[in-house]
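Residue numbers (our numbering), protein chains in the order written: chain A, 1 to 396; chain B, 1 to 92.
Watch out, some of these pointers could steer you wrong.
Claimed, not checked - In the BS3-like style, the derived pairs of lysine-lysine whose C-alpha atoms are separated by at most 27 Å in a straight line are:
(1) Lys5(B) / Lys18(B)
(2) Lys18(B) / Lys360(A)
(3) Lys12(A) / Lys114(A)
(4) Lys360(A) / Lys5(B)
What the hints assert, rightly or not - Incomplete in silico selection of chain B near chain A, CB under 8 Å:
(5) Glu29
(6) Leu68
(7) Gly70
Calculated from the structure, these hints are not laboratory results.
Bear in mind that the values here come from a model prediction, so they are computed numbers and not experimental data.
Built from N, CA and C at the ideal position, the CB exists for glycine as well.
This is what each chain is made of:
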Amino acid sequence: MPSGADLIRQIKERIKEIDPSQVHELTSNGHADETVLVDVREQHEFEESHLPGAKHVPRGHLESRIEGAAPDKSQRVILYCQSGNRSALAADTMQQLLGYENVESMTGGITLWKDRGYEVEVPRSLTPEQRSRYSRHLLIPEIGIEGQLKLLDSKVLLLGAGGLGSPVALYLAAAGVGTLGLVDDDEVDLSNLQRQVAHTNDRIGVPKVDSAEEAIKGINPDVKVEKYKTRIDASNIMEIIEGYDVIVDGADNFPTRYLLNDATVRLGIPVVSASILGFDGQLSVFVPHEGPCYRCLYPTPPPAELAPSCGANGVLGVLPGTMGLLQATEVIKLVTGAGEPLVGRLLLYDALAATFTELKVRRDPDCPICSRDPGEISDEEMGVFPDYEAFCAAAG
Amino acid sequence: MATVKIPPVLRPSVGGVKELSVDGSNVGEVLRGVAEEHPATQSQLFQESGDLNRYVNVYVNDEDVRVLQGLETAVGPSDTLVILPAMAGGTL
């Protein structure tokens, strides 16, 4: 039996090799389209750096994955590795066992390529600390490194830093969302602490945006926090929400919910919406023009006696936790593209019965907002909600 | 008899229960049955014209009756009607 070194020598004699200068010429003058360049090294080697435009098929997965990278067996395929041995073995397998007609192995691998001074691509990656912090995300294929990078790049705005906003802020900070915007004009009150878990006893009287920032930074100091200590209204909404990727709606009143809907449809920003009352919660995701909007679901606000948001109402302390974490989950799904977002569906949670009910929500073809070209929605039309304050006042 | 799920805001008008069993072969008959038994719900569910109030969403099982036949939508004994009001609580 030949030694390993002998075997590699024999294989190199029966396969075709190509010099890095020829590969460089091929890739730099635009002939790369007809050729598939494949890196056969391990994941961590590929992540460190690779040839520009190279596809990645680790040698260990060659037989099962090469057809994904090079479906046409008569196509020219150039393989490379670190020094030219693994790619030679892989080229032999492709030629002898898989029937590829035009395979070459690059001499000297990426080491020689770099020695010649040719460029490599250094993909974005995580720092060792981030790898450790997000290791449980990296282990789930639906998130992985790509999903984690998306989360780190994402900007999520939380409307309200109270019952729903607290759990959303804490878990999205932990998940590594890059920027968290917080809109809230209120201060922490003792009566908030039964459910608003981002705030603490020693921060009573502190603005909620400052208190929530402290909680966020305590979990994950890398998160950038943008604070808006204000109440959102027609005069400031466009300025505040523009540039965010997702908005989490935990507003406590109907005018804000309609205003937010109209502005986000205009700007094409998805909204993860939840509301709570007593032991009941509702949740849905509104992605402008892909699914229905808030006005498709609720074309008209209810009158004061059926609109308990007008005054203070009781709520089970853990309920905003349950609903807020469902919101945080939907945000992560929207950012990473994993799973089926709750678009066109309304989820009802009854905490006392411990039941979830799912209802279908259809786009209204005559919706006054989302059936139109977003450019046609004027500032004056946004959040139009006649007489709301009057009937809230009437309800006392 | 169809099952009608009563939302929290309407429960005080029906004696505090979460569900009612009501006779009727379509959505209109079932909901009018609710209103007859519990008159306080009449103005919450219906306009004076007899149409549903626009702010009340009604579903037969999981489908909005607005995309079915509205009050004429057929209802069988094993169907569930969900009456759904908008809620706005959040930061509370």
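These are the hints, each one checked on the structure:
no., hint, result
1, Lys5(B) / Lys18(B), "6 Å, holds"
2, Lys18(B) / Lys360(A), "21 Å, holds"
3, Lys12(A) / Lys114(A), "22 Å, holds"
4, Lys360(A) / Lys5(B), "16 Å, holds"
5, Glu29, "21 Å, violated"
6, Leu68, "11 Å, violated"
7, Gly70, "14 Å, violated"
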